[in-house]
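**Q** Okay, here's what each chain looks like letter by letter:
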Amino acid sequence: MTEQNTPLWEVFVRSRNGLAHKHAGSVHAADAEMALQAARDVYTRRGEGLSLWVVPSNAIIASDPADKGMMFEPTASKIYRHPTFYDVPDDVGHM
Amino acid sequence: MYTQALNAAGPSSRQTRPDEDAERLARFQARIDAEDRIEPNDWMPEAYRRTLIRQISQHAHSEIVGQLPEGRWLTRAPSLRRKAALLAKVQDECGHGLYLYAAAETLGVSREELTEQLLSGRAKYSSIFNYPALTWADIGAIGWLVDGAAIMNQIPLCRCSYGPYARAMVRVCKEESFHQRQGYEIMLTLCRGTPEQKAMAQDALNRWWWPAMMMFGPPDGQSQHSDSSMAWKIKRFTNDELRQRFVDAMVPQAQVLGIEVPDPDLLWDEATRHFSFGPIDWEEFRQVLAGNGPCNRERLADRNQAHAEGAWVREAALAHAAKRQARALAA
Chain A
1 MTEQNTPLWE VFVRSRNGLA HKHAGSVHAA DAEMALQAAR DVYTRRGEGL
51 SLWVVPSNAI IASDPADKGM MFEPTASKIY RHPTFYDVPD DVGHM
Chain B
96 MYTQALNAAG PSSRQTRPDE DAERLARFQA RIDAEDRIEP NDWMPEAYRR
146 TLIRQISQHA HSEIVGQLPE GRWLTRAPSL RRKAALLAKV QDECGHGLYL
196 YAAAETLGVS REELTEQLLS GRAKYSSIFN YPALTWADIG AIGWLVDGAA
246 IMNQIPLCRC SYGPYARAMV RVCKEESFHQ RQGYEIMLTL CRGTPEQKAM
296 AQDALNRWWW PAMMMFGPPD GQSQHSDSSM AWKIKRFTND ELRQRFVDAM
346 VPQAQVLGIE VPDPDLLWDE ATRHFSFGPI DWEEFRQVLA GNGPCNRERL
396 ADRNQAHAEG AWVREAALAH AAKRQARALA A
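If you're matching them up, the sequences are chains A and B in order. Under the working numbering, the first sequence has 81 at position 81, and the numbering climbs by one with no breaks. Quick note: to get the working numbering, add 95 to the position in the second sequence (first position is 1).
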């Protein structure tokens, strides 16, 4: 095939004000403006959102799943970061 | 949305990758067994990746080709209400194709490669779309039976072990339920109309029933990829289990319409609490998959024509983007 590939974009949708934009999927488009239009047509046909972000897929830096242990495991051993680690007598009430 | 178990087709998924050893495979299977979801950059066996690419891309192609039989009726819908609904349904199918291509792309295959596989005839799509939509009643039958069969297939796919596919299916299933209802409403309107209209509905059911039954794929005994797909939790139910669910759901709905399912052997079995049904013509299924259905050539020709006629749009969009980028850099 001689045709050039059309760039890939990731689409984020804010479903209503007060909520964060959330990843919805991806689209192919030649430029940012067309990516926004395609994202609107593909991901918001039923009132799913009030705001859209499109980001070139190759601009996203992702952590490597192979590093999962090194990256995230240490947090599991630090149980003193959670409120339930600390003893408070029942008669103190809700804290 | 139209997935189909096309187990008879596709390249062998038996190839392995160099770092596949027994221990790694066992760890992968343990994650699957624990209902952990597999995400794009996770390690996966080559056969798992290839099976998913094949299934997701066939599913995507089916959505895209599935627009064609209904597209014919957009300009001939009997009212503005019907036209708007059909247009929305066809637009959904296009969107579903795009969700699915994007899910397949996370496995390391490009949209362009997948499109090329469809256009060259190397890739399969659901056999059902090689049948013609001859009358307006066919639009009702397609929505009711074909989307009904697709939903049976797709609901379990929402729990598929591969994250991007499962997430695409959740979106699709949410959007899909209107498709079946709009089809059933068309059938109901015809069945409550004149005797001629009711006869049209019956005729459409007669022509679409068996092809819809075939959508679940070959019987379990003859299905090539079924065992590994079940073990990998890509599939949750076998072809025959899904087919039985379909019959059990559809027969009472046909009774409400007051039309007959074209199967003289159809019988309620009090012991099993299921309908038993007659034999399926698998030779017809094989012929349609092999390219000899009523509309195979027409569908591929239409897709090729649309793709070729859109080439200048794709080229112009990329040229425009390149020009603007060059100007922005110069400024």
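None of these hints come from the bench; they were simulated from the model. Bear in mind the structure is a predicted one, so any value in this text is a computation, not a measurement. One or more of the hints may lead you astray.
Pairs of lysine to any residue residues, derived as SDA-like cross-links and limited to a Cα-Cα distance of at most 25 Å, are as follows [said to hold, decoys possible]:
1) LYS68/A / TYR279/B
2) LYS178/B / ARG46/A
3) LYS269/B / ALA179/B
4) LYS178/B / HIS21/A
5) LYS219/B / ASP116/B
6) LYS269/B / GLN124/B
7) LYS68/A / ALA142/B
8) LYS269/B / LYS68/A
9) LYS328/B / ASP131/B
10) LYS68/A / ALA121/B
11) LYS328/B / GLU141/B
12) LYS178/B / SER323/B
13) LYS219/B / GLU130/B
14) LYS269/B / ALA142/B
15) LYS22/A / ASP131/B
16) LYS418/B / GLY47/A
17) LYS178/B / GLN292/B
18) LYS22/A / SER272/B
19) LYS178/B / GLN37/A
20) LYS293/B / VAL351/B
21) LYS219/B / ALA326/B
22) LYS269/B / ASP360/B
23) LYS68/A / GLU280/B
24) LYS328/B / LYS178/B
25) LYS178/B / ARG340/B
26) LYS293/B / PRO314/B
27) LYS68/A / GLU141/B
28) LYS269/B / HIS21/A
29) LYS269/B / GLY47/A
30) LYS418/B / LEU36/A
31) LYS293/B / ARG276/B
32) LYS68/A / ARG119/B
33) LYS68/A / ARG112/B
34) LYS328/B / GLU130/B
35) LYS68/A / GLU118/B
36) LYS269/B / ALA20/A
37) LYS68/A / ARG177/B
38) LYS328/B / ALA179/B
39) LYS22/A / PRO135/B
**Q** Quick check: which numbered hints come out false for this structure?
**A** 1, 4, 5, 6, 8, 12, 13, 14, 16, 22, 23, 24, 25, 26, 37, 38
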